[in-house]
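Enquirer: Sequence:
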Amino acid sequence: MAYSGTSSDDDMPLARPNGKVSAAKITASMDKALDRSVPKPSGGGEGILVRRNNSDAMEVDGAVNNKRKSRTSITKIHYKIDSDSDGEPLAKRQRSNQALESDSDDEPISKSKSTPRKAVDDSSDDDIPLGNLAKKKAAIEKVAAKEAQAIRAKEAKKKATPRKSIKNESDDDAPLAKSSSNKRQSNGVAAKRKSNGVKKEESDSDVPISKKSKATTSAKKGKSAPAKQTKKAGKEEEEEEEEYEWWNATRPEDDSIKWQTLEHNGVLFAPAYEPLPKHIKLKYDGQDVTLPLEAEEAASFWVAMMTPASSHHLENPTFRQNFFEDFAEIVKKAGGAKNSAGDKVPIKSLEKCDFGNMYDHWLAKTEAKKNKNLSKAEKDAAKAEKDKLEAPYITCLWDGRKQKVGNFRVEPPSLFRGRGEHPKTGRVKSRVWPEQITINIGKEAKVPEPPKGHKWKAVQHDQKATWLAMWQENINGAYKYVMLGAASDVKGQSDFKKFEKARELKKHIDKIRRDYNKELKSEIMADRQRATAMYLIDKLALRAGNEKDTENEADTVGCCSLKFEHISLEPPNNVTFDFLGKDSIRYNETAKVDAQVFKNLKLFKKAPKSDGDDLFDRLTTSQLNKHLNSYMQGLTAKVFRTYNASFTMSRLLRELENDPRSKGSVAEKVKLYNDCNRQVAILCNHKRSVGASHEQQMQKMGDRIKGLRYQQWRTKMMILDIDPSQKKKKGAAYFQLDEEIDKEWVLAHQQFLVEEQRTKITKKFEKDNEKLKADKEKPLPEKELKERLLAAKELETKFKKENKTKKVEAEGRGPTVEKFVTAVEKLDDRVKVLELQAEDRDGNKEVALGTSKINYIDPRLTVVFSKKFDVPIERFFSKSLRDKFRWAIKSVEDADDWEF
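Counting in full-length UniProt numbering, the sequence shown runs from 1 upward without gaps.
I should point out that these hints are in silico values taken from the structure, not numbers from a laboratory. Remember, it's a predicted structure, so these values are computed and weren't measured experimentally. Do not take every clue at face value.
[Stated by the list, open to error] Cut-off 20 Å, straight-line C-alpha distance, at most; resulting in silico cross-link-like pairs (SDA-like, lysine to any residue):
| id | residue 1 | residue 2 |
| --- | --- | --- |
| 1 | Lys-429 | Lys-480 |
| 2 | Lys-258 | Met-470 |
| 3 | Lys-158 | Lys-507 |
| 4 | Lys-826 | Arg-714 |
| 5 | Lys-507 | Lys-404 |
| 6 | Lys-142 | Glu-655 |
| 7 | Lys-404 | Tyr-393 |
| 8 | Lys-511 | Asn-625 |
| 9 | Lys-518 | Gln-149 |
| 10 | Lys-832 | Gly-814 |
Generate the whole structure from the sequences, applying the supplied hints.
Expert: Okay, structure coming up:
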């Protein structure tokens with residue numbers, strides 16, 4: 001059947017009428033022709049990524065993959081690693097507050113938003129063989145199918161079993177008043193059973209966590225709460241309130257109503273622009289020009305990006321053009337630029353604009369702020385002033401309970417950057433005024449006062465909305481919202497519903513997979529495309545993708561919006577994906593797929609389709625989600641990512657119960673958890689490119705381990721200084737220096753230790769002087785610092801003597817062999833912890849553990865693991881994450897047997 005630009009099938013309308021479109025139906029002859037053109041795969045490994053060796057350019061269906069850039073080795077000795085210590089979680093990564101606030105299920109997989117994703121290097125193939133991954137994934141899917149059948153069978157049995165009636169309390173025999181009372185009690189019980197939004201008839205493993213022996217704990221807490229409050233004094237006593245456990249509360253009949261009362265103080269506007277000194281001017285075509293205030297502010301946005309970190313934007317032709325168009329328009333509307341004589345100067349070229357004087361002034365001002373040597377008292381005063389300014393906006397009263405507000409600041413004006421090759425990069429983001437802002441607040445609440453001389457665009461009382469304020473930005477016309485913080489009840493409820501929806505998918509997953517596998521061979525093109533998309537979303541964790549306005553948005557795609565050029569096919573069943581995904585992160589991976597899926601993709605790419613044509617031309621995301629909703633209310637494509645991650649993690653953690661390593665130290669248990677998380681990330685494709693600083697960080701950790709080994713060796717030599725006979729008792733090998741530590745490294749390490757001591761002494765001296773200054777006392781003289789620094793000089797002399805004599809004199813008060821042996825053992829424990837951390841960090845170099853742990857793995861699984869294996873929850877969740885997942889921590893604190 002020939003391809004056509006219009007549908008010939010009346011009962012199957014086209015999803016996308018533009019471009020070349022696939023035939024409405026697949027004939028038997030087309031199927032057979034495809035079978036002959038596609039060789040059969042050897043079997044195994046379907047649905048997982050193939051680790052490609054990028055050192056060899058591989059031609060795949062006409063596309064060539066570029067070689068991976070080599071990395072230079074780092075020889076400098078390092079000791080300190082940011083955000084890493086013996087007491088911190090093994091795989092801890094610094095996360096921005098913005099990343100934490102964004103708890104959407106569509107969180108980017110890659111941690112780096114500026115670096116394109118790269119294919120995984122072949123060097124790690126031995127860690128997790130392809131065959132083992134495929135077998136594990138297949139085994140987990142079989143378990144999932146059995147569990148789904150068991151859940152449905154249990155529900156059917158419950159429905160078939162008639163409820164036992166109590167004769168003396170039947171409605172027929174009981175008085176009316178008593179009957180009504182019984183009905184109210186019955187309704188109350190039903191409400192409690194539905195408290196977490198899970199249907200009453202679900203299996204035990206699906207029972208809401210609040211029912212797992214939580215009622216008694218809640219009752220106890222209710223009684224003890226006032227007693228705790230009596231310990232508080234003054235304002236703390238008044239502000240302290242009993243924690244609201246919404247996860248145990250009765251679910252309202254109409255959950256579209258989000259609040260009954262809402263009070264807040266509006267938004268905090270960006271500070272006003274500070275004009276430049278009169279002698280600081282923009283030079284245009286060699287002469288100083290005076291800009292109107294609005295244009296001067298816009299020019300300052302360009303100046304702020306002239307730093308080395310941001311200057312690459314200024315070299316982007318699109319960025320330059322967009323900025324200059326907006327800048328010239330602002331100058332014109334504000335009255336024009338004028339020279340020293342007061343004559344107007346037309347601004348017609350960015351190349352003639354010299355921002356040098358403005359940049360020098362901005363840089364000097366910025367550096368002065370950085371280098372301002374404030375005393376502790378001055379720092380405290382500045383912080384107090386900042387806190388006072390923000391205090392009214394930090395919290396709101398939501399149904400009478402204090403809740404933290406997330407982003408109460410209105411975005412300051414600046415230059416829009418966008419992600420990837422955004423067509424509007426460089427445009428001027430205008431200052432937001434009160435006249436653009438709509439306030440959402442309770443009817444009885446006092447409306448916050450706008451800044452003097454201004455008024456709000458509108459004030460509304462929408463109880464179905466969870467935002468407090470809203471405005472439309474000028475770049476893309478997108479709406480910006482002030483929402484509650486990540487640790488608020490509303491955000492917690494959103495997370496809870498997300499994971500409960502994924503748990504509900506458990507009982508439908510086998511039927512969904514069975515159906516889409518069957519429809520992979522459907523003769524209806526739309527059905528076959530839909531089934532193929534479902535396979536890719538389920539097996540490869542691709543995002544569904546949405547329709548976009550390509551003229552105003554970056555050209556990012558998901559599964560349903562893939563184009564002809566985004567996939568390349570290599571027989572028998574390797575598919576290479578290369579496209580810009582969410583946040584313009586490049587997805588460039590090769591995956592083994594089912595033979596029928598490979599065949600279908602070849603069909604969807606069949607001529608006359610070419611670059612720019614849709615791969616799934618008879619499917620949209622909304623059509624796919626509508627189909628999924630027929631299996632389960634509220635089911636969308638993105639639920640699969642959460643389900644696959646959480647269900648896989650639950651199976652892997654269950655296997656640890658019989659693992660002898662789970663009886664080890666806390667550090668070993670944390671590593672076991674991270675190993676499971678890593679498998680989830682690989683199986684569910686939560687991967688990232690290797691960070692540019694990874695090798696440097698690994699070398700730093702290696703140097704820290706060597707430093708501890710060297711310290712251990714010195715301590716052992718002190719044992720010999722006290723008692724030379726210990727060499728015979730413990731053996732000569734005990735006192736040998738580690739083979740990896742050579743003479744050159746020792747000298748460099750000794751120099752580092754000397755410099756480190758000098759730095760510590762100097763900082764301590766400066767801190768002491770700050771304290772004296774705050775107390776209005778005379779500062780210490782420089783002579784005092786020189787005397788203190790003699791200790792570093794003595795250490796340097798000691799090292800030189802040790803290197804010459806090959807002996808180490810015993811240190812400390814009352815040195816004994818026993819003390820030094822104990823010190824050696826403690827150092828050995830620290831080395832083991834660091835080695836585990838290094839192994840864990842290296843294993844995580846290509847895997848986004850934070851993304852899966854925060855956004856895709858049900859946090860209750862982590863809490864149960866923490867309790868079951870006696871690992872402090874602090875080793876997995878930072879303070880901000882413990883606040884965010886307070887509902888998960890509290891709700892399973894008495895439920896060791898909770899399962900996803």
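Enquirer: For this structure, which hints from the list above don't hold up?
Expert: The structure conflicts with hints 5 and 10, although it agrees with all the remaining ones.
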